[in-house]
Amino acid sequence: MVRLEFHDPSGATEVTQAHAPRVAALAGKRIGFVSNEQWQAYRMLPLLKGLLEADFPGIEVLPIDAFPQGNAVIGSEETAALVKASGVDAVVIGNAA
Amino acid sequence: MTNAVAGLGLAPDAAMVTFPIEMFLPGSDIGPVRARKQEFYDGLTRWRSALAGDGAGEAPMLRVEGTSAEDAFARVNHLMLANRWGDGLPLWPPTRERVDWILRGSAQPRGRKLGTFPPRGGVTTVESCAVALAMAGGRPEYLPVLVAVVEAFLDPESGSETLQAASGSAFPVVIVNGPIGARIRLNAGFGCLGPDPQRPAGASIGRALRLLQQNLGGALPGIGTMANYGGLRYTNVVFAEDEASLPAGWTPHGTERHGFAPSTSSISLAFASGATNIRRRGAKKETPEEDALQGMHRMADFMRVPNMAGLAGYEHGAPGILMIPGVVAQTMIGLGWTKTSIREFLWQHSRIPAEALHRAGCPAWIEIDTSKVVRESLALDPWPITAQPDNFVIVVAGGGHPTNSYWLQGYSPGVVGRRIELPASFEGLIAEAERDLGPA
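Chains as they are written, first to last, in the working numbering: chain A, 59 to 155; chain B, 3 to 442.
The set of hints was computed from the structure by calculation and includes no laboratory data. Positions of the beta carbon are idealized from the N, C-alpha and C atoms, including for glycine.
To give a feel for the contact side, a few chain A residues facing chain B, derived at Cβ under 8 angstroms:
#, residue
1, Val60
2, Arg61
3, Glu63
4, Phe64
5, Ala70
6, Glu72
7, Val81
8, Ala82
9, Leu84
10, Trp97
11, Leu105
12, Leu109
13, Gly128
14, Asn153
Partial list, derived from the structure: chain A residues whose beta carbon lies under 10 angstroms from chain B:
#, residue
15, Leu62
16, His65
17, Asp66
18, Pro67
19, Gly69
20, Thr71
21, Thr74
22, Ala76
23, Arg80
24, Glu95
25, Met102
26, Leu106
27, Leu110
28, Ala130
29, Val149
Sequences and hints are given; from them, build the entire structure.
If you want it as structure tokens, here you go:
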């Protein structure tokens with residue numbers, strides 16, 4: 059019998075920060091959208107906004123353009139600061155393909 | 003799409019609702035958003051990472067047993083493919099002995115962290131490079147080059163974080179300058195893009211980089227990267243500039259682009275998304291001047307296409323890498339051309355008339371670009387394919403024959419250089435290569 063011992067080539071990964079905590083329920087919450095304006099986001103995100111508003115009493119869904127839009131700006135610290143300052147409880151980010 | 007957030011230090015899963023690509027196309031039926039609305043709601047409320055807190059720590063050693071050496075070798079290769087660690091070609095098992103041998107080529111401690119490989123975020127160390135190089139059939143004397151390449155790749159300036167996952171099928175191009183190229187048998191002449199059994203260094207180094215892109219970076223076709231075609235990525239592109247054939251006054255690429263002193267062993271990393279031969283010389287009774295000018299026009303005309311590959315590096319990157327043989331460079335110099343005038347000619351004559359730009363729908367892409375320089379370039383007619391002539395990378399490489407030049411279409415947000423750091427034992431490693439492979 060021949061035995062070969064070798065390194066796992068996938069290495070290790072580090073988890074240095076947790077994902078954002080989820081909200082317990084959506085009713086009465088304040089929700090934001092951050093859009094890159096690509097991949098039909100201009101149609102899909104408004105549809106989702108309407109669905110949230112119809113399904114959850116007291117929910118406040120900010121306009122799709124409440125924050126800067128486009129790949130050029132949505133990943134910036136400035137946009138993140140605006141999102142935080144808005145007081146939203148949760149954010150939906152779209153669209154990727 | 004996996005790995006979307008892992009490289010940011012988050013657990014490598016995320017609350018995502020995924021749909022077939024058809025829904026993201028113009029005029030699509032977006033009804034599935036309504037039908038699957040509960041998945042969005044769950045993502046905001048009930049979703050929990052299945053991997054939070056996992057994944058950190060040392061990579062384990064794996065064990066395989068076979069009835070013979072061949073059987074064990076085959077089982078290792080089957081395991082590599084089953085775990086999506088391979089590229090379909092045979093791999094050398096990265097045994098402790100093999101990896102330790104490769105690590106003799108490092109000037110740095112094996113555990114030195116070079117960064118995290120995007121987008122998956124695999125922790126990348128000197129040892130990670132040695133593991134990949136062992137798998138790719140490499141040798142210790144290649145390791146200093148690979149480490150420098152990986153450092154450049156992980157530099158945010160390279161754009162690798164985006165290109166690793168993007169659909170454009172970008173592949174790294176590594177240009178090596180300085181004496182190390184010839185010492186480790188890296189091709190600069192005929193067939194420098196490979197394969198070349200006499201000068202195999204480029205294939206091993208490039209393949210090792212590809213394995214790192216996949217195994218640490220997660221760039222798996224259709225899963226971790228949306229690269230439509232993934233062209234030329236088995237070995238990427240790794241070659242040396244033919245410095246022995248540089249015309250007088252023509253500085254090496256590493257000196258010109260990165261400021262390294264001549265004779266410094268260094269690498270330069272860019273990204274490309276295409277590769278083509280361009281016929282350079284005439285076929286009848288052209289004068290030398292006509293021959294040179296017609297060749298320049300053919301190259302510029304080829305670059306004057308409105309597919310906007312150069313947008314990725316419009317401001318500081320490269321619209322492409324032009325490889326010309328030493329004999330051509332020397333002829334051009336003899337006719338009064340300079341590297342500067344060649345660049346200026348290519349820049350001027352590759353400009354695209356606004357009408358052609360609009361006909362192809364290019365303005366929309368230019369308008370949404372992150373760079374202000376790019377957005378403002380839309381006012382220019384004809385439109386330059388890159389912001390300035392100096393962005394063109396021109397290197398002397400390829401066989402000593404005047405018929406062809408070669409254009410690696412750039413897709414390169416930046417061009418990143420690194421010095422190559424050699425271990426004290428380097429000369430001994432070269433001597434061992436002479437023993438193993440015969441005279442260089």
